Amino acid sequence: MAENHHDAREATMVGRRTDGTLVRRPLSPHLQVYDMLQMTSLTSIMHRFTGSAWSVGLFFFVWWIVALASGPEAYANVQWFMGSFIGVILLFGLTAVVWYHTLAGVRHLYWDAGHGYDIPTTYRTGWAVFIGTGALTVLTWIVAAIAWAS
Amino acid sequence: MSENFPSTTAHQTRLQTPLGRVRQNGSAKSGTHHWWMQRVTSVALLPLMLWFTFGLASRAGAPYEEMARWVGKPFNAVLMLLLIGIGFYHTAGGLQVVIEDYIRPERNAMAAGLLIRGACWILGLLAALSVLRLAVAA
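Protein sequences appear in the order of chains A and B. Residue 95 in the working numbering sits at position 95 of the first sequence; the count goes up by one each step and never skips. Residue 192 in the working numbering sits at position 42 of the second sequence; the count goes up by one each step and never skips.
One thing to keep in mind: the hints can contain errors.
Some chain A residues judged to face chain B by a derived CB distance under 7 Å, without partners named [said to hold, decoys possible]: (1) Arg48; (2) Gly51; (3) Ile65.
Here are the simulated distance ranges between beta carbons [unchecked claim]: (4) A/Leu42 x B/Glu215: 38 to 46 Å; (5) A/Phe59 x B/Trp186: 27 to 35 Å; (6) A/Asp35 x B/Leu279: 23 to 31 Å; (7) A/Ala147 x B/Glu256: 17 to 25 Å; (8) B/Trp271 x A/Leu109: 23 to 31 Å; (9) B/Leu279 x A/Leu90: 39 to 47 Å; (10) A/Leu27 x B/Leu200: 25 to 33 Å; (11) A/Phe59 x B/Val247: 18 to 26 Å; (12) A/Gly15 x B/Gly268: 36 to 44 Å.
A short list of chain B residues far from chain A (calculated; beta carbon distances all over 12 Å) [said to hold, decoys possible]: (13) His184; (14) Pro224; (15) Ala261; (16) Leu264; (17) Cys270; (18) Ser280.
Source of the hints: derived by calculation from the structure; they are not laboratory data. Since we're looking at a predicted model, the values are computed, not measured. Built from N, CA and C at the ideal position, the CB exists for glycine as well.
Whole structure, please, built from the sequences with the hints as guidance.
Written as structure tokens, this is what we have:
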């Protein structure tokens with residue numbers, strides 16, 4: 001491990017199972033090490049991905065608010081972009097990302113409070129995060145569509 | 151101090167609680183500060199994010215004047231400033247953890263972390279100044 005400094009798996013947790021066998025696994029969500037079809041790994045890496053994607057979304061937020069403060073001409077550019085095909089796709093993606101990170105964040109707070117660590121509950125809350133993300137993303141866009149039409 | 155812990159070899163991660171660390175000779179001043187602040191900011195961001203998302207969605211396609219007036223109202227401007235300040239704090243802290251986990255060697259992780267922090271300050275101040283301008287102009 002020592003010769004490969006660029007491997008994220010270097011940051012490993014080394015411990016022993018109750019039967020005494022050695023266990024080594026990465027401390028962080030890892031695409032190649034963990035099975036991504038598992039709810040536990042999938043929701044973990046998704047929380048990181050959505051958090052990072054939200055950071056990129058902040059650039060558009062800053063563009064929007066700076067343009068709003070700069071005046072109608074600058075704001076017209078933002079409106080043009082956000083109303084374009086790419087803009088709408090971006091905003092829709094960001095809405096889903098924002099809801100996922102929010103709901104998964106609540107799930108993390110629930111864990112932090114000491115609840116829901118068993119596997120069945122973990123799967124239930126994981127599904128709740130995915131279904132909730134879908135439902136709230138659709139709801140947000142229904143609200144936006146009604147506002148747009150009126 | 152090691153005699154107080156379950157026997158582990160030097161390379162093993164101690165499965166020791168933060169409180170345990172604090173009570174021993176560990177980092178008693180800021181050991182859990184970063185972790186705790188991520189939780190505090192996430193709780194604060196929850197209502198702010200709900201307000202902002204639906205506030206914006208319900209004004210989709212609104213003309214410039216209406217949007218500028220909405221952000222510029224004192225109460226909305228205060229919520230926006232909180233959202234910006236707490237949001238960028240949470241972003242910088244979150245990205246720092248991601249960087250520390252995946253970027254090697256450590257000097258690269260440190261450089262990337264400083265870059266992120268700098269970018270968050272610049273973007274956050276830009277956004278905050280914009281809100282203040284809208285609030286004061288109105």
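Results for each hint:
1. Arg48: Holds, about 6 Å.
2. Gly51: Holds. Min distance 5 Å.
3. Ile65: Holds - the Cβ of isoleucine 65 of chain A comes within 7 Å of chain B, reaching about 5 Å at its closest.
4. A/Leu42 x B/Glu215: 38 to 46 Å: holds, 45 Å
5. A/Phe59 x B/Trp186: 27 to 35 Å: holds, 28 Å
6. A/Asp35 x B/Leu279: 23 to 31 Å: violated, 47 Å
7. A/Ala147 x B/Glu256: 17 to 25 Å: Given range 17 to 25 Å: violated, Cβ gap about 48 Å.
8. B/Trp271 x A/Leu109: 23 to 31 Å: Roughly 27 Å apart at Cβ, these two residues keep to the hinted range, so it holds.
9. B/Leu279 x A/Leu90: 39 to 47 Å: violated, 25 Å
10. A/Leu27 x B/Leu200: 25 to 33 Å: holds, 32 Å
11. A/Phe59 x B/Val247: 18 to 26 Å: holds, 20 Å
12. A/Gly15 x B/Gly268: 36 to 44 Å: Hint holds: Cβ distance 37 Å, inside 36 to 44 Å.
13. His184: holds, 14 Å
14. Pro224: holds, 16 Å
15. Ala261: holds, 15 Å
16. Leu264: With a cut-off of 12 Å, leucine 264 of chain B remains clear of chain A, as the shortest Cβ separation is near 16 Å.
17. Cys270: violated, 9 Å
18. Ser280: violated, 4 Å
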